[in-house]
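There are 2 protein chains.
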Amino acid sequence: MQYTFASRMGKTPRSFIREILKVTERPEIISFAGGLPSPALFPVERLAETAKAVIMEDGPAALQYATTEGHLPLREWIAERYHSRLGMDVSPDEILITNGSQQSLDLIGKVFIDPGSRVAIERPGYLGAIQAFSLFEPEFLGVPLTEEGPDPAVLHAVLTDENPRIFYGVPNSQNPSGITWSIENRHRIAEEIQRSETILIEDDAYGELRFSGDQMPAMRSFLPDQTVMTGSFSKIIAPGMRMGWICAPHEIMEQIITAKQGTDLHSNILSQRIIARFLADYSIDEHISKITDAYAHQRDCMLAAIKEHFPEGVTCTRPEGGMFLWVTLPDRYSSTELFKRALAENVAILPGVPFYADGGGESTMRLNFSNASEEQIWEGISRLGKVLHQYLLAGTTVTNN
Amino acid sequence: MQYTFASRMGKTPRSFIREILKVTERPEIISFAGGLPSPALFPVERLAETAKAVIMEDGPAALQYATTEGHLPLREWIAERYHSRLGMDVSPDEILITNGSQQSLDLIGKVFIDPGSRVAIERPGYLGAIQAFSLFEPEFLGVPLTEEGPDPAVLHAVLTDENPRIFYGVPNSQNPSGITWSIENRHRIAEEIQRSETILIEDDAYGELRFSGDQMPAMRSFLPDQTVMTGSFSKIIAPGMRMGWICAPHEIMEQIITAKQGTDLHSNILSQRIIARFLADYSIDEHISKITDAYAHQRDCMLAAIKEHFPEGVTCTRPEGGMFLWVTLPDRYSSTELFKRALAENVAILPGVPFYADGGGESTMRLNFSNASEEQIWEGISRLGKVLHQYLLAGTTVTNN
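Protein chains in written order, with our numbering: chain A, 1 to 401; chain B, 402 to 802.
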């Protein structure tokens with residue numbers, strides 16, 4: 001039979017990453033394509049004990065329907081963490097627990113985006129946000145990233161000329177680029193937004209994973225009434241339980257609660273209680289130190305291997321945190337072509353095109369360093385270097401013909 | 402500052418139930434207002450052991466990002482259960498795990514409903530569906546329920562004249578009415594739908610909770626290409642983990658996968674594995690028998706108490722399963738007024754109005770029998786009977802003046 005689907009489905013990109021990741025799951029492949037945190041760092045035994053203790057001690061309350069806003073002790077922990085880490089005064093009432101950051105983006109899309117609404121986003125921007133927002137049929141406006149973060153002159157023009165409903169960005173160790181907005185740029189962007197009616201969506205998925213450089217103030221500190229912040233336990237505990245949160249001013253939070261209730265009533269209360277108890281029983285700072293030590297080492301390996309093996313003219317970012325770095329080929333080369341050539345050598349990279357909501361990015365790619373061992377990084381980057389040398393050499397030949 | 406929200410937010414009803422349930426949570430109140438399964442029947446110890454075993458034995462795989470479709474052994478179990486319980490041949494590829502039935506409805510809304518799309522729904526209809534679908538701004542068309550299920554003549558007219566995208570119904574022990582569609586009516590409704598382009602959304606949240614009467618065939622058996630079925634572990638294991646599923650033909654499932662990925666990537670893999678292992682290690686049939694024995698007894702108590710205490714002219718359904726029965730007052734009486742009077746006597750009922758997507762229902766109310774003890778049922782219904790006698794007597798007086 002012929003099915004009629006909602007028009008939004010025709011406007012939502014099929015998941016390019018999903019298709020690519022299927023290809024790259026073969027065990028012989030060294031993959032820098034995915035975005036997985038290191039499973040070796042998951043606190044398996046502690047979570048196993050915690051899960052059992054929560055169910056036995058909390059009993060039916062850990063298994064019954066629960067409130068839409070989420071488990072209060074968990075929301076209190078998040079509010080306190082915002083205070084101790086970022087000096088922010090946030091009430092637990094301004095926090096709602098979601099099924100990971102991806103659901104935070106879905107709820108934000110529901111609350112803010114009508115078909116045709118303008119949505120400003122970094123260029124490159126986080127693919128998950130492009131997918132989540134696409135379901136609400138916005139018009140995307142790209143704001144190019146410099147090494148300091150979004151270009152404030154372009155942002156000024158976009159805010160002034162297009163009045164977008166929201167501007168979505170990842171100020172700390174962005175996915176995909178690894179870039180952290182500089183302090184000067186944070187001030188300039190805050191000024192631009194303050195002069196506009198646009199809401200800043202500050203996705204802070206990687207804020208706790210900072211290896212080097214100073215702690216940066218949250219954009220919300222400058223714009224408390226004009227910022228919706230999102231956070232996640234995926235990168236500091238484990239992603240499989242899908243636990244994240246939204247922090248929003250009360251009036252916006254009211255709308256988010258209505259949207260959340262219609263969407264799935266509330267988030268998994270068992271997992272909320274497991275996370276809350278894990279945070280109460282163990283030192284999260286010690287655990288995060290383990291993760292950042294490991295990731296800093298993996299990043300250093302990857303940067304050293306790139307320096308040794310990549311040809312001149314191929315540039316990359318030097319992330320101060322997070323899980324990714326961003327590689328740019330000389331202009332006329334295609335990372336989609338490179339993906340194919342690298343796969344033939346059993347190395348996987350992620351082409352940058354799907355991170356450009358309004359087109360472009362053909363010569364860029366993302367490399368993940370959190371889910372590969374030191375040996376895999378050296379071997380994989382070495383192979384990728386050879387493929388790059390051949391590709392760039394061939395390209396030159398073609399151009400000269 | 403002034404916020405601009407998406408137009409859908411103005412069209413989504415604030416949760417009436419949520420506000421009411423806050424009032425009725427006071428410990429001195431006997432509440433028939435909620436929709437909670439009995440927490441005394443949650444398999445607490447078994448789930449505690451299972452949770453620990455899953456994390457220890459499956460290790461990082463129970464905590465890492467996972468596939469959008471859901472844990473394959475769980476989808477295989479659901480397919481096999483459809484076969485053994487309903488004689489249906491379903492492939493695990495036609496099943497996707499969701500965060501409970503409410504998310505199934507959100508995903509169905511995303512895939513099928515454009516602003517202004519027509520959505521047919523039982524009258525009264527499930528409030529959660531009204532809320533989920535409202536976020537996609539449809540026009541609702543009510544199809545009145547008789548004791549046999551939806552009125553086929555009205556359905557015929559609605560399908561013919563309005564060509565709705567979907568018709569949503571709960572054929573087994575419906576929430577809120579407790580009504581189960583009769584076998585004759587199932588055939589007639591299947592014929593009507595088959596002649597149309599409308600997709601049937603068959604919400605089977607209560608199919609496993611049937612205490613009396615024959616097992617009914619699923620509507621999907623008659624309409625395999627034209628039905629999207631939803632199911633849930635909330636009523637047969639526990640709701641707090643938010644575990645449900647969608648069963649849909651392949652072409653529709655492709656769209657649902659895209660929507661699910663944009664919405665929250667995938668459902669909680671730890672809870673999926675806990676449920677799958679619980680189903681493998683213990684007899685679900687024995688567990689369901691305990692639940693249905695208890696609920697059948699609670700229903701019998703409530704029906705006996707109603708017979709003894711309610712005045713003439715107040716009618717109620719006699720559900721063959723599920724958790725609710727449905728009470729209708731004489732025409733000119735308001736269950737909202739009754740709610741206030743009952744609350745003064747520390748008894749809570751749920752007025753029927755929010756279950757009517759297109760208005761009406763003032764003289765109806767829902768009573769939940771699964772979450773109250775025998776003593777509470779007798780005491781609560783006795784108090785409610787007194788309030789009703791006074792209200793109906795007062796009404797007569799007023800009418801006679």
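Just so you know, the hints here were simulated from the structure itself, not pulled from any lab data.
Hints should not be assumed to be uniformly reliable.
[Unchecked claim] The following label-pair restraints were derived from C-beta to C-beta distances: (1) B/Thr561 - A/Lys11: 53 to 59 Å; (2) A/Ser283 - B/Glu426: 50 to 56 Å; (3) A/Pro73 - B/Glu429: 23 to 29 Å; (4) A/Arg318 - B/Met402: 34 to 40 Å; (5) A/Gly360 - B/Gly517: 32 to 38 Å; (6) A/Lys22 - B/Lys741: 40 to 46 Å; (7) B/Leu473 - A/Glu254: 35 to 41 Å; (8) A/Glu191 - B/Glu738: 53 to 59 Å.
[As the list claims (entries may be wrong)] What the simulated footprint calls covered on chain A by chain B, stretch by stretch (three residues with Cβ under 8 Å from a Cβ of chain B suffice, anywhere in the stretch; the number is not a length): (9) 108-121; (10) 167-180; (11) 238-249; (12) 290-302.
By construction, the Cβ of each residue, glycine as well, lies at the ideal position given by its N, Cα and C atoms.
### Task
Run the structure past the numbered hints and jot down the numbers of the failing ones, going up.
1, 2, 6, 10 and 12
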